[in-house]
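A.B. asks: Build the full structure now, drawing on both the sequences and the hints.
Listed below, chain by chain, are the residues.
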Amino acid sequence: MSGPSGTDGMSGTGEPSADHPDVILCPGGPMLLRGDHVVQDEDGNEHRTWRPVSAVCRCGASAVKPWCDGTHKVLRKRGN
Amino acid sequence: MLTPESRGSLSEVVFRAMRTGETSGLAEAPPSDTAEDAQLTLWALYEQHYRGFEDVSGELEWDPQLIGVRRGLEQEFERTLRARMPEVPEPDGFAEKFFDFVADHDGPSLAAHVHRKATEEQVRELLRHRTIYHLKEADHTTWVIPRLSDRVKAAVMELQFDEYGGGDPNLLHAHLFVRGLEDSGLDSEYGAYINEAPLEVLEENNAMSLFGLNRRLRAASLGFLAAFEATSSGPSRRMAQGLKRLGFPESMIEYYTEHVEADAVHEQLAVRTICGALLEEEPDMHDDVYFGAWTSLDLEDRYAERMLKQWAA
Ligand code: FES
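So the sequences go chain by chain: V and F. According to the UniProt record's numbering, the first sequence holds residues 1 to 80 in order. According to the UniProt record's numbering, the second sequence holds residues 1 to 313 in order.
The hints are simulated quantities; they were obtained by calculation from the structure and are not laboratory data. Where hints are given, some of them may not hold.
According to the in silico footprint, chain F covers these stretches of chain V (three or more CB under 8 Å from chain F) [as the list claims (entries may be wrong)]:
| no. | stretch |
| --- | --- |
| 1 | 46-53 |
| 2 | 69-78 |
A partial selection of chain V residues facing chain F, derived with a Cβ cut-off under 7 Å [what the hints assert, rightly or not]:
| no. | residue |
| --- | --- |
| 3 | 15 |
| 4 | 18 |
| 5 | 32 |
This one's a predicted model, so the numbers in the text were calculated from it and none came from an experiment. Even glycine gets a Cβ: it sits at the ideal position worked out from N, Cα and C.
C.D. replies: So this is what it looks like as structure tokens:
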């Protein structure tokens, strides 16, 4: 018998269980946060997440900080 | 929504058969007169699987004759799309290569035009065209969900849940667009502007349905999604700035500002947790992911080229 998901590394359909981290650091891009968090920005203001997954800017160039707005891709393209 | 006005011999014959339910003669349907005739016919046949038409019986959704016409049109369409495809990057380091592929693609930008130069009338025309997709935003991806492994399925749901407002109809993206349309004095009824949708809009819409409704094309559907999301944040910001410049209502501006933030999340999910995971499980789907991605980029280019030429911008 296979146990509940996670106990034997298999899910109910016989597929191996997948990694599902709370935080994902995207190379050259944002930090993804799963679930509810309060993010304090550089000025000390607090921002509550409200999406299933939120992207926090790590490049410093977003116009909607603390969230990512994709601007990191422009920096990357310029080779910074 | 009623069946659209026909745009040639094929759409005329097929729409009449749909309205009357007399589909038996469709085996001898005439060929399409133009690409527009073919694409409008295909669009209406796909639409039976979304919200349907008030003047067509729901019984016809799986009518073998209509499905037969659809098959012929979609095979031809898929051949056309595949013939347009460039070479794709090597499969190693998928996420970074994919983002580069999208970033290196330099197409004409409608958002840049709206940002600085477009007139109010031009933007209103653009918004009317965008209703064809935005009023069923994200639905084409939902078709793919039952065709995926547990891991990829859950990843797609994580993204789709946000598209559908996290379960709150007021936050559902298509509904945000409805509010923007209404406040802008435009018709928010589903399909209201189909008769003025140009070929390129029909092609874009049909490609999404083609990939979504054919299980074998699931990787193309997810690749389309990834490229679509990865080209959304920046252009959405410029759209919002242009709408502000022209004095459009706050709700329409908000539709686009919401996409700046949402799609910065979605592009990471679509490329990494969705397409990346799919390719770890099914590496032979690599080229189809790019087929979908290229189709998304190329069809938007074609639409932008047409409109910028028409507006002589
Ligand atoms: S990480 Fe995306 S804009 Fe900074």
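A.B. asks: Determine for every hint whether it applies to the structure shown.
C.D. replies: Each hint, compared with the structure:
A stretch counts as covered by a chain when three or more of its residues have a beta carbon under 8 Å from one of that chain; for the stretch 46-53 of chain V and chain F the count is 4, and the coverage holds. Counting residues of the stretch 69-78 of chain V whose CB lies closer than 8 Å to any CB of chain F gives 7, which reaches the minimum of 3, so the coverage claim holds. A cut of 7 Å between beta carbons decides the hint on residue 15 of chain V: the least distance to chain F is about 5 Å, and the hint holds. The criterion of a C-beta within 7 Å of any C-beta in chain F is met by residue 18 of chain V, whose closest approach is roughly 4 Å, and the hint holds.
Hint on residue 32 of chain V holds. Least Cβ distance to chain F is approximately 6 Å, under the 7 Å limit.
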